[in-house]
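A.B. asks: Sequence:
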Amino acid sequence: VWKTIRNLDGRVSQKKENEVLIVEGRGLTEDRDKAREFAKTYKKVSKLPRGEKDREIKRENRAYFNARPADETTYEEELTWEEELETAIREVKPNKAPGEDTIPHDIIKELGPKARKYVLFIYNRVWNGEEIPQRWRVAVIKPLLKDGKDPEQTGSYRPISLTDCLGKILEKMV
Numbered sequence: 001v002w003k004t005i006r007n008l009d010g011r012v013s014q015k016k017e018n019e020v021l022i023v024e025g026r027g028l029t030e031d032r033d034k035a036r037e038f039a040k041t042y043k044k045v046s047k048l049p050r051g052e053k054d055r056e057i058k059r060e061n062r063a064y065f066n067a068r069p070a071d072e073t074t075y076e077e078e079l080t081w082e083e084e085l086e087t088a089i090r091e092v093k094p095n096k097a098p099g100e101d102t103i104p105h106d107i108i109k110e111l112g113p114k115a116r117k118y119v120l121f122i123y124n125r126v127w128n129g130e131e132i133p134q135r136w137r138v139a140v141i142k143p144l145l146k147d148g149k150d151p152e153q154t155g156s157y158r159p160i161s162l163t164d165c166l167g168k169i170l171e172k173m174v
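Heads up, the sequence shown is in my numbering, so the first residue is 1 and it goes up one at a time.
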């Protein structure tokens, strides 16, 4: 439904079928093949080095949390941050693209008091140690063509990552 509304509103362009991306003389039409080529291009210019030290820190953190008794409370008190939630929702920029769940910030801004209370309930469950919803941890990367660049070259695109708006709001609150 939201996709249709956004299409009618003119905010989302229809996906063009079988767009060809030319890479090293080869024409790519399948999304999976295009994604691989974009990944290769973006990997070359990535500024986020990951080394053994990063993996070691991740292992230490995982070991710490897995070794902690289930009833041990090392977290701060529950989030009773109605004001922070209101502020975070109010401060989100309008017309920003949502993540995979396709729930835009505009809809979240219109939530009533009961729905906002439920959102805060979910945030408290995460805050108290339950797993962050998988969808909030995944970014959909979309390549956008730079102005005046050749659409047949992967380097002509800049990546944007789309994450779910509810996850962004929790990040802003924390």
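These are calculated hints, taken from the structure and not from any lab test.
Incorrect hints may have been included.
[Stated by the list, open to error] SDA-like cross-link-like pairs, simulated, lysine to any residue; straight-line CA separation at most 20 Å:
1. K43 / G155
2. K149 / V45
3. K34 / L144
4. K93 / I103
5. K34 / V23
[As the list claims (entries may be wrong)] Just the calculated beta-carbon pair ranges, DEER-fashion:
6. K146 / Y64: 35 to 45 Å
7. E110 / M173: 13 to 23 Å
8. E52 / K109: 14 to 24 Å
9. M173 / R59: 20 to 30 Å
10. A63 / I132: 29 to 39 Å
11. D147 / R90: 43 to 53 Å
12. I107 / R55: 17 to 27 Å
13. P159 / T102: 12 to 22 Å
C-beta: ideal position from N, C-alpha, C; glycine also.
A.B. asks: Each hint should be assessed against the structure and marked as holding or not.
C.D. replies: Consistency of the hints with the structure:
1. K43 / G155: At roughly 11 Å apart (the allowed maximum being 20 Å), G155 and K43 satisfy the hint.
2. K149 / V45: 17 Å, holds
3. K34 / L144: 13 Å, holds
4. K93 / I103: Since the Cα atoms of K93 and I103 sit roughly 14 Å apart, the hinted pair holds (cutoff 20 Å).
5. K34 / V23: 9 Å, holds
6. K146 / Y64: 35 to 45 Å: Check passed, 43 Å falls within 35 to 45 Å.
7. E110 / M173: 13 to 23 Å: 19 Å, holds
8. E52 / K109: 14 to 24 Å: At roughly 44 Å between Cβ atoms, K109 and E52 fall outside 14 to 24 Å, so the hint is violated.
9. M173 / R59: 20 to 30 Å: With Cβ atoms ~28 Å apart, the hint holds.
10. A63 / I132: 29 to 39 Å: About 19 Å separates the Cβ atoms of A63 and I132, which means 29 to 39 Å is violated.
11. D147 / R90: 43 to 53 Å: 32 Å, violated
12. I107 / R55: 17 to 27 Å: 38 Å, violated
13. P159 / T102: 12 to 22 Å: About 19 Å separates the Cβ atoms of P159 and T102, which means 12 to 22 Å holds.
Checked against the numbered hints above, the structure violates hints 8, 10, 11, 12; every other hint is satisfied.
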